[in-house]
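Participant: Chains as they are written, first to last, in my numbering: chain Z, 1 to 305; chain D, 1 to 301.
Keep in mind the hints are simulated off the structure, nothing from the lab.
Nothing here was measured: the structure is a model prediction, and the numbers come from that model.
Just so it is clear, CB atoms sit at the ideal spot from N, CA and C, and this is done for glycine as well.
Among the clues, some could well be false.
[Stated by the list, open to error] Straight line, CA to CA, 20 Å or less: simulated SDA-like cross-link-like pairs of lysine to any residue:
id	chain 1	residue 1	chain 2	residue 2
1	D	LYS258	Z	LYS220
2	D	LYS258	Z	LEU156
3	Z	LYS220	Z	GLN201
[Stated by the list, open to error] Computed Cβ-Cβ distance ranges for the label pairs, DEER-style:
id	chain 1	residue 1	chain 2	residue 2	range
4	D	ASP24	Z	LEU287	40 to 46 Å
5	D	GLU130	Z	TYR129	27 to 33 Å
6	Z	LEU46	D	LYS127	44 to 50 Å
[What the hints assert, rightly or not] Rough simulated footprint, nothing fancy, chain D against chain Z, three-plus residues with beta-carbon under 8 Å:
id	stretch
7	100 to 114
8	242 to 253
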Amino acid sequence: MFTFVVRRVLLFIPTLWVIATLTFFMMRLAPGGPFQSEKDIPKAALEQLQKQYGLDQPLGVQYSRFLGNALRLDFGPSYKFPAREVREIIFDSFPVSLELGAWALLLSILIGVPIGMFAALKQNTAADYGAMGLALAGVSIPNFVLGPVLVLTLSLGVFVFPPALWQGPASRVLPVLTLSTAYIAYIARLTRAGMLDVLHQDYIRTAYAKGLPERVVIFKHALKLGILPVVSYIGPAAARVIMGSIVVESIFAIPGLGRHLVNGAFNRDYTLVMGVVLFYAAFLMVLNLIVDIAYTWLDPRVELA
Amino acid sequence: MSAAAALDPVVREAPERPSGLWSDAWRRLRRNRAAVVAAVILLVLSALAVFSPWIPGLQDPTAQDLALGATAPSAAHWFGTDELGRDTFVRTIYGGRISLLVGLIGTLVSLLIGVSYGAVSGYMGGKIDEAMMRFVDILYSLPYIFLVILLLVFFSRSLVMLFIALGLVQWLTMARIVRGQVLSLKNQPFVEAARALGARNRSIIFRHIVPNTLGPVIVYTTLTVPAVILQEAFLSFLGLGVQPPNASWGTLVSDGAKLLALFPWLVIFPGIALSVTLLCFNFLGDGLRDALDPHDRQDVS
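If we strip away everything but chain D, and leave its shape as in the complex, we get:
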């Protein structure tokens, strides 16, 4: 009884301890200039994507001006116009809306599946763990894009299907990371304490263990968003992703590539927007990893 009482504060204090880690990480991240610049660019892009319907002049990506046709970049149309006279700048911003949304939702789906799956697998251990991980291995050996293509071929090519398909193939690495973390955490005293206090498996996994895996999960999430955006763009480039009238950066590049010799700006600007976004996410992910992972830090110093 006195042992339980002695262990109790450990459980209570568990959420306190990481705050040191977080403020440390935050300080380190702020010192990483590339990561800060990347974060600022991403914030600006996201703000543009979110608020564009309320910004005058950016309201209608489908507004046509057939008399104008395709024009090279000018003061009136910064990124030029396409063959229907649509403004490429506005189209690029609205493409970003779709691309970022797909990236976000696909990542959330993968996060939900991956974290739960990995945590349960690692915590259960034994035969269950082995079977669950074997299944992950099998899915790994199938190039994930094929699974997406199969899903999109056999079912519909709707936006919702795209979210599901992309989320469904992205959770594997997340599950492995979380499982590894859980394996190393589950025998820690604070878990034993929670168990001694009569906490059930479910609450141990999701209230005590999962919050402690947040560091690597955040890092990997930052790297999953660009991966999902890239895959959406890849599928859209092939014509399997976002369907008209919606347009993402991938569809814009794809449409532009057909008219490459005539109107190169139709490829170049959406292409730059996509590449810069991916680059910023990668820089931010790298920066977060350096900030949150003490192991790497020792190597650098």
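Same shape as in the complex, but just chain Z:
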């Protein structure tokens, strides 16, 4: 286990390096710079700006300095808002996105798993088809369609929840619901498939034959293996939740990291976009490692090597 963790952590380095290098050179290859739109600034001022951001140095120097700084999570000041460090922006807004994403992921597991189990136990009945039809619909409705519809009905129609912003518990409801619906549906599908696989196995028959009550067989024996596909989906799901939260943050005007990414993309704020991308990539890798460790804890047949 220990060697596995060490090896995985060591693999982070080349992976992050490749990503950092790719983004760095993509940025340098890009036609036009972030200052290009401000055409009427004097040449001297432009040179001053370039110097301030180190763009006057040879490419090799820029690259090695960039790598060194990135190691310390220091991406320099934002191109668009020079008074703010990218690191500062990330640390300010990430907790908001984290809270949004964590609630959404938690909700999708807490609702999706029971629905999937229910459908698996009632396999090929109307209830099963109904639940799975709904789940497929849930997977298919994009969150940026669902969000406005929820606002229209639950906020503008009957004022139950505020339509925007991130203040107080009630304001959490619509964004979290918008973000989690697709994952509730997907996790329900995964759980159903996983449980069906397990329920046909010999050791389940043995458990029933021993005279164990159904409750024990299902929750103690079947669920532990049947839920494995869901566990391995948590990594990709987290990546998708992050992506989804970009949209949800922009629908509900939530001051999270996703909004900064989109704004940065519009403003061609290179340092900000690169900082956010690298930060999220590192965050996801750590998360995936934790998921893998949890996986072996649930399924001893898997050996970490």
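Given the coordinates of chain Z, assemble chain D onto it according to the supplied hints.
Facilitator: Positioned in the frame of chain Z, the structure of chain D alone reads:
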């Protein structure tokens, strides 16, 4: 020599064998009512998208009627009109043209890259395979949408760039699927026979192995189209995708969402069109998987 002669018919007959599989799959698919309905809806939508420029009354999505302004759905304008008096029904159909086109081309790009990459990686094996798959792993660990955003930020936000960016990030899973298939196929007798007959690597991969991976590839392609459409809509919703005067379902929803409280139909109809299309592709993909994958079939029965 006689061994080669004995093996030769195997090679010749290889294309014959799958026909049994295909007709079987076709029969199973036709029995899946949800998949058939989904396929019919998709055909109708595609036909509307393709032929709309020749259908009277559907010819101009940009026709404005400023005096009319935004009106709720009525007999004259089924889906209502927007603040410039443009007909939402016509706009939705033309949005579908762009969305479906992006879905199709993005998928083709990913198909081309994914199948070639996966087939070469699996067939070569060893260090090459390992290096190629390691690269895929690395790209996997980067949320693909970031790659698209980076490409669109650093380069232009043109439609062509969008096709490339979406195709570039969608091929990873395809490459893995094809590689897995190739690994299990490459030691089969018909491949050995082809090699014994002196076929080169390239022709073995693309003439003998790739055609045998078609089943899973078709299933995954059906699921890639809605994924690409969804991502295009996602980017367009953020304003990073299709740029005016072109409009896709994503841009229509995005524009409508800004006027949600006043003219909800501007969000609802394009939103329904997009969701129904995605749902139909998912149903069809599920149906194709059940029809083509014998493993799942055993589980169900």
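Participant: Are the hints correct? Go through all of them and say.
Facilitator: Going down the list of hints, with the structure as the test:
1. D/LYS258 - Z/LYS220: 49 Å, violated
2. D/LYS258 - Z/LEU156: Holds. D/LYS258 to Z/LEU156 sits at ~14 Å (cutoff 20 Å).
3. Z/LYS220 - Z/GLN201: 15 Å, holds
4. D/ASP24 - Z/LEU287: 40 to 46 Å: Given a distance of about 42 Å, which is inside 40 to 46 Å, the answer is holds.
5. D/GLU130 - Z/TYR129: 27 to 33 Å: 44 Å, violated
6. Z/LEU46 - D/LYS127: 44 to 50 Å: 48 Å, holds
7. 100 to 114: violated (count 0)
8. 242 to 253: holds (count 6)
In this structure, the earlier hints numbered 1, 5, 7 are contradicted, and the remaining ones agree with it.
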